[in-house]
Amino acid sequence: MSPVARIGTTSERVLHWPVARPARASWSRARSLVFVAFLVPAMAVLVLVTVLPLLYLVVTSFTPLDLTNPGSLRWAGLTNYRQLATDGRFWSSVWVQTQLSFWTVGLQMLIGFAIALLLNGRMRLLELVRSTFIVPMVLPPVVVALIWKILFTPDISILDWALGLLGLPQPAWLADPSLALWAVIVADVWEWFPFVMLMLLAALQMLPSEPLEAARLDGASRWQVFRHVTVPLLKPAIVVAALFRLIDSVKAFPHIFIMTGGGPGTATEVTNFYAYLQGFSYTYVGYSSAIIVVMLLATLIMSLGVLAAAGREYDVE
Amino acid sequence: MNSPGHAWKVGGTALLIFVVLFPVFFIVQMSVRTGLEAFRMPPTLSFTPTLQNYVDLVEGKFIRALMNSTVTATSTTLLALLLGVPAAYAFSRARFRAQGLVSLWTLCTRMAPAIAFGIPFFLIYKELGLIDTRVGLIVIYLTFNLSLVIWMMRAFFDAVPRSLEEAAYIDGAGVAGAFVRIALPLTAPGLATTAIFTFLLSWNDFFYSLILTRSEAVTAPVAIVNFMNYESWEWGKVAAAATMIMLPVVGLSVVMRKYIVHGLTAGAVKG
Chain A
1 MSPVARIGTT SERVLHWPVA RPARASWSRA RSLVFVAFLV PAMAVLVLVT
51 VLPLLYLVVT SFTPLDLTNP GSLRWAGLTN YRQLATDGRF WSSVWVQTQL
101 SFWTVGLQML IGFAIALLLN GRMRLLELVR STFIVPMVLP PVVVALIWKI
151 LFTPDISILD WALGLLGLPQ PAWLADPSLA LWAVIVADVW EWFPFVMLML
201 LAALQMLPSE PLEAARLDGA SRWQVFRHVT VPLLKPAIVV AALFRLIDSV
251 KAFPHIFIMT GGGPGTATEV TNFYAYLQGF SYTYVGYSSA IIVVMLLATL
301 IMSLGVLAAA GREYDVE
Chain B
1001 MNSPGHAWKV GGTALLIFVV LFPVFFIVQM SVRTGLEAFR MPPTLSFTPT
1051 LQNYVDLVEG KFIRALMNST VTATSTTLLA LLLGVPAAYA FSRARFRAQG
1101 LVSLWTLCTR MAPAIAFGIP FFLIYKELGL IDTRVGLIVI YLTFNLSLVI
1151 WMMRAFFDAV PRSLEEAAYI DGAGVAGAFV RIALPLTAPG LATTAIFTFL
1201 LSWNDFFYSL ILTRSEAVTA PVAIVNFMNY ESWEWGKVAA AATMIMLPVV
1251 GLSVVMRKYI VHGLTAGAVK G
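Chains as they are written, first to last, in my numbering: chain A, 1 to 317; chain B, 1001 to 1271.
Covered stretches of chain B, as calculated for chain A (at least 3 residues, CB under 8 Å):
(1) 1020 to 1029
(2) 1087 to 1096
(3) 1141 to 1147
(4) 1244 to 1253
No lab work stands behind these hints, which were simulated from the structure alone.
Even for Gly, the Cβ is constructed at its ideal location relative to N, Cα and C.
Taking the hints into account, I'd like the entire structure generated from these sequences.
Pasting the structure below:
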């Protein structure tokens, strides 16, 4: 806990309270003590519930730990990681994850941004739209998955009936290897495009009007204003929204568990789900830990990469 | 106002609202139909609603699961606020060397899929006898709730001017007194937002309950899946259970929508 306990003094308090000097000194000292007392419990619990478990995860990733074999918590070096490198099912799960992330994040950003632009401006319906759009996001993911499982199951689905009415093919979405991932993508996009939309709409409404008007006065077309003024100004919000969605797309679990169970075959088996199967269906917890460690590192590097790339461009502007 | 452009916009908006809400309505109407009738196509608009599915649920074990959900989500929210709010206040009012480290760590935990904590907690709980207990769930929910509370509340405290607290301190309130009497009441809307988010995330949890509970402490989202497996094709009951799980969440969000939108978009402002 020692690094937390050191408190730097700040000069800004002097600006706030220039009169009562002795009082200020005791205020500042008293504050230091209280702040430490405020911080220590939270930091201790945070270390206990997040730092230590993740360290333990790294430890188990170096062991052949098997839940059915109590003596298996022993050092095995890089065995799990070496096995991972040649595990075809692991690499297949990475590819499924890549497709899922690409399409869900891409579609959510496109649809969310388009709708935010459509709704920007004064409109009486806006408050209603906001309330409505919260609903998919706050629904328990299990309910979202169940709703779409029903909608994608032939014979019991109104979607299936409507397709038939239009003379369109009525595929068994969840049983078809080439369509099952798309069913998951549709459910995820429905659940989360409102997040992108609400975030970008808030950012749009906080845009300063001067640059937009200046560009219009200079004779810029609507497209030019959008491309060269609106989009650059919105970029921080766009980057943050995309990053949040990207991180969450890697964590997809309930949809796949309920809608497809990773199938048919391994058509919708993302890495997260594969790790779950290895750990809790096949009881190979050590191997499962190694999958998760690799996944965590990859997500971290990817996210820092996105932030770094975006950050550099901000500096140029 | 009555230009074709405006009409097009209103029409488009109405269509959007329909697309977003239709799946929810679909499952709610399914819950008040009898088994066979739910799947008659084309769907009939005129039918006699029945509460039979709900009666079946109440008579079964589902109520217990709902109680588990309520107790764990409420307890973990209170615990996270109790620990996290003072810490957030300290982070907002003083500079610590470790602050950057804590932020980076928060980002790391935000990225970790649930299973990253699920595996070590499962192994430790097995030793401690905490598998299938409410306490076990309440503690593991702190993995995401505590840093969420610190992160959100810090932004809310940043918006409260410091001079007010110093004035209270000079008047003899003490540092903790200034925090309780001045800073806390001024951040009441922020507290409400934070509490709603922690409650939502815990209530909606699926993964931790799936791997850490069996029957005693099982929460509603997992209970629903269990009777989906054993009593397959009882879709009316599944729909009724889904409706019961989402009702408090949707109700809360509609009533508190201003705070929810605020909380969701806070990330954009903070960057």
